[in-house]
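Going down the list, the sequences are from chains A and B. Numbering (the numbering used here) for the first sequence: 2 to 278. Numbering (the numbering used here) for the second sequence: 641 to 1135.
Don't take each hint at face value.
[Stated by the list, open to error] To give an idea of the chain B side of the interface with chain A (calculated C-beta under 8 Å), a few residues:
1) Pro-1028
2) Leu-1029
3) Pro-1030
4) Asn-1060
5) Ala-1071
[What the hints assert, rightly or not] Taking lysine to aspartate or glutamate pairs in the EDC-like style, the calculated list, with each CA pair at most 20 Å apart, reads:
6) Lys-714/B <-> Glu-763/B
7) Lys-74/A <-> Glu-1026/B
8) Lys-10/A <-> Glu-1031/B
Honestly, the hints are just simulated from the structure, not real lab data. Cβ atoms here follow ideal geometry from the backbone N, Cα and C, with glycine treated the same way.
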Amino acid sequence: MCKYGLVNKIIPFSCVDGPGNRSAVFFQGCDFACRYCHNPETQKVCESCGVCLKCCPTGALSMENGRVIWDSKLCCGCDSCIQACENHSSPKVRQMTVEDILAEIRSALPFINGITVSGGECTKQHAFLVHLFREIHKQGKTCFVDTNGQLDFRKMPELVSEMDMAMLDVKAWDMELHKKLTGRDNKIVLQNLDYLAEIGKLYEVRTVIVPGWMDEEETVRQVARRIAAYPSVRYKLIKFRPWGVRPPMDVETPSDAYMEKLAEMARTCGVREIVCT
Amino acid sequence: MQKDVEKNIRKILADPQLTYPQRLKELAAAAENTPDPVVLTEEAQWFVDRDIVFDMGEGNAPYRPRYVLPDYDKFMKQGSEFLMLEPPKDIWDAVSNLLILYRHVPSVIGGPVYIGHIDRLLEPFVKDEEEARHAIKIFLTSVDRTIGDSFCHADIGPYDTKAGRIILELSAEMQRPVPNMSLIYNEHTSDDFACKAIETGLVTAKPSFVNDAMYTADWGQNYAIVSCYNALPIGGGGLTLGRLNLKKLADICENREEFWKMLPKAVAAQCEQMDKRDTYILEDAHFLENTFMTAEGLICKEKMVGMFGIVGMAECVNKILHLVKPEERYGHGKEAEEFALEILDKIHEQVTAYKPKYGFFAMHGQVGIATDTGVTPNTRVTVGEEPPLPEHLLFTAKTQKHFAAGIGELFPFEETAKKNPEAVLDIIKGAFKENMRYFSFYSKDSDVVRVTGYLVKRSDIEKYDAGQASLDASTVLGAGASKGLRIFERSVRNV
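Here chain B stands alone, though its shape is the one from the complex (with noise of 0.2 Å):
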């Protein structure tokens, strides 16, 4: 075990791939690492040994939670006493400010997983248009260089606003990674921001569109989505996720009676896994006391609740099924559907009847990780297994009912769409209406492409591997997920 630990950080100490604050991270993950794993009841250990329940690799003694979600306009309005900050007066102290707290905003990157809605926060500062221009830039910079993490995301919408249209116009203009970015999209946003929006997202990948309407109605207003597509409570946020894999699940079972029979005891697992992590996090680790952000009311414990994540979807119905030709597979046969929802529905109720010793668990569609190889992502269809669109945004609308902390699909569209915004604005008002959460697209011939969740720059992926380091933490995921999930093969959508 030690010669192990100190390997490793020898290792962490001279890796060429590594910028500084990456270092910094590896090697407190290493840290943090040396305790043994938060001791768990014999059967929840069974299921974790077989990585069929992951903690995500958050590690052992978790001390803050992996996603915080302070409330910012509480801070923009009051200032901060502990940070000596006085409420801003101007556009320069707003984003001096916001960019100061983001330093202390603590989640499991390096940074923080959620930086605001940026366009409500700085909107009341924009006097002078080219002076709010020139700030935004320097903002969206700074968060860029610094945080250099796409799990890092901004929300704006989904009011047309001057800000807003400066940040969209400034993300196309940089075509950046991070911040990641969501557009709050309901029956306030009109047609013509959606479609710059669009536009936008067609040369950057961002921003992502959001149903607000099943958002609010899951947490009321105050949500925000943070990291690829997780929504979470203004004020509080994600303890853990813990992630159920059910590729792996499908693959110890050999019938549907198997599988019916083993599916709650790994739910169980899970709950037991996460409720005793999220304990850890405020009961061991005193999170919430060492934090002026408590003190500040910026975070509260009512606000925390836990992520339960699931995978490989796609291959544990094509499995238990034993579904070989592609008009029976998941995302084309009708008992693949039936069998898939019967799932979640099953998962939804025991998750949702747990009673954790902090707030509650909401089902996550998680995206996976870098090394899954054979496991496609929350409840999506396999790439390169996509029914024709029309009837990929049907199904895959029916399978995102029960994700209230979030889950998303992404569709990469032909350079035509460019010319067109108002032909993606109508799939996605349509996918909307059909209940889908929540929308990511990009354009195939972008250098930024969205890899699950997150966006990487394809040309940074191309100086990782070929040994460079990055400043940004998520092309290293990238290149990991460019090969284990085919993401550059996606099928494309000529529209």
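Same shape as in the complex, but just chain A (with noise of 0.2 Å):
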């Protein structure tokens, strides 16, 4: 078991996922939903319908034994394949071996501060991730990671004691908001973030800023409350943005006065750092 992680994209360089530079892996599969998801084809395991097959202008898609499979070489990187799947899915998945990790990254090893593990819902893999940590770790490498906190942290003592640090995802503070947005209450995402605060592996805490959809004010003044009891916890802002969400959604990206105003509200309940991006 967990001998293999379900893979839908490396970058080797990332200066925008934690400290530092560092390789991005991206893992399949997530249990929310979020309307306004930039990379919705990450959400679901690849169901093999073959719809993909036929926009493929390289041929780099066939079926095999009744999968999809997915020719690297020929592939153009056009992403028709992704924008025709109706499964918010991605024939580009790959099963990986932490082997075949760190060999993707083999050459940005020497650039890097270490990785951040995102998603889909990384956490989903995190007996697989536990396995990356370890061997990452042999390489005196840091291991970040990316989370919405729809797992429960402390039913996954191995991954945390093996991470060095989480990157939060708040996106509403209203259960019913919260829902509305991502198809899921936050119940467990807020004793996550009490809990990963707690025991000082919590990096950042992000909220994207959806106006119309979200309780945004509200939802910084209590975050930032939250963690303002602890100083090293940074709380990212980041603006909505168009790119990448299927259906487009009918929200215009906020202001820069807008985000400072808010980030000043964080400012004011105690939040030492903030970014707004």
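From the two separate chains plus the hints, produce the assembled complex.
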């Protein structure tokens, strides 16, 4: 078990996924279905329906024994398959071992502070992450978890002990609004917020600001109050952006002035470091 | 001959794109070029005639070293008898003395290519920070407006100092291409200071980072980065820079065998030309006897070396090995890499074995000239063919081993890096561990951008192209390189 991870994509260098330069590994599968998800193709596991085969311009996709196979050498990266998928998935997801992942980031290792696992929701594959992190730590690199907190960290003690830090999304404070936005309530998310902060493994909380879809001021205020007691925890406020969102949302990207107003609110609550992006 | 000279001079006299100091310099160059070039053997001349070996157009009668590196630290301690200057007592004396000496430092450009480790020189005089900031701003403004050439280079670091921080803050604020700037980076450089330098660099394309461990191993601690990214001994300098164009050498060779036969001949030709030109500077022009800097101990013969430059490795390897497939070409394929490293080993062996009359020769990765087309600087991967960044960094580091007299590659980053300078620092730290010598970077949205080694303002190039004169002589070169080397099309790194 957990010999393989389901990986959507690996970015060798990223400067937006935690401290310093990091390789980011995006895992497949997520139990939230956020309305504004920027990479909805990471949500579900491929059902091999074959819809994508017809739209591939280079013949990189084929059906073998009832399964869709992707040939990376033929792929031109046009993402037509992802656009065509009705299942919020991708035929380009790979089953990878820890060794496969290490081989893929080998040339990046000298230049990174560590890796960040993201998704999808990476903690759904927490047993695999434990193995991956052990190997990454042997290379002298750090391991960060980018999570929406849908699984209870207290029930994943091995992951908690092996990871360096977590970055947690709090998508909305109000439970009903959270449900409307993501399809699930936020009870466990908020428990994770407290737990990760208490054990000193919370690096950053993130909230995407989507006016009209959430209680953004209340969310920022409440999160800020919780994390103010932990001065090293950063709060990252992210503007909604329309890229990748399917179907498109009729929401305007919040202005810098509004973001600054929210940041000021968090600052007043006692948060030391606030990043707007 | 006479007619041509007169025509050329008349053109310089009235050229609307030249400022007065630029006009003087052009006239001096015209005068210098009236004698015939230094006489070479027939074999050496054969390579010169084919532009395979090139004297960088330094002039037919070289009367000063290409790059002079006065010992400014000594000058600050002792003042100057010739210039009638006492050692400085405060920050105003300090900047004034330096600016005066700069007027007397010769080089192939109009002014000095090295203006000192300026934070180290000024730090003892930083008492009141606001006063120091005012003095340093006047200092930097004066350097920018009067030296007017981004081959003029200041060094800072490795230590975090008040002067160093003021210099970085003013550089970000002023956004001017002159002076070019390098941060000497080693284990004494704090992450905080390094990140401040990176934030500055992402605004104004300087400073670049210097792998001090490698250069200290080559030169000891008394070296400086000057001009583009040349490394040379302080208290001496680089007499001449010769340039071996590997692309043009490859053009006359059909296969590996022919290339291996021609390479040592071309290297020998360039060594001969450099040796004779170096000798001319010291024996015919009596350079050292004719400057007060020698008498005052600011420069000496023992610290003068020759720079053996190369360009066009990428084209050379692709041509000789007939590489067409992207995954096999220079910067990607294993065979290309091995061949390139073998060429570099061979050149290095021959160049270090050569015993010139004065000093010795050190290898330099030449950055190209404005009129180059289809010749990639030093050992770089051709613009447009860069592999993914991690592979690019690893490959580049491997090719830089022998270049004690300096080599550099540059990496444009996306805006997002500005919010996470630590990410760029991680890349630099990794690159230096892999033995990269020098790391330049800029943000693709900056007005000040690095052309190949020197800096220009995009807005100045646009004005120059529209026919206006430019204060900065490097703009003229940048205007050429933006077309010939497609510098604005360099692959931007999204980290």
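Hints, verified against the model:
1. Pro-1028: holds (7 Å)
2. Leu-1029: Holds, about 6 Å.
3. Pro-1030: Nearest chain A Cβ about 4 Å off; hint holds.
4. Asn-1060: OK, holds: Asn-1060/B within 8 Å of chain A, min 4 Å.
5. Ala-1071: holds (7 Å)
6. Lys-714/B <-> Glu-763/B: holds (15 Å)
7. Lys-74/A <-> Glu-1026/B: It holds: about 19 Å lies between the C-alpha atoms, which stays within 20 Å.
8. Lys-10/A <-> Glu-1031/B: Between Lys-10/A and Glu-1031/B the Cα gap is close to 18 Å, so the pair holds against 20 Å.
When held up to the earlier numbered hints, the structure conflicts with none and fits them all.
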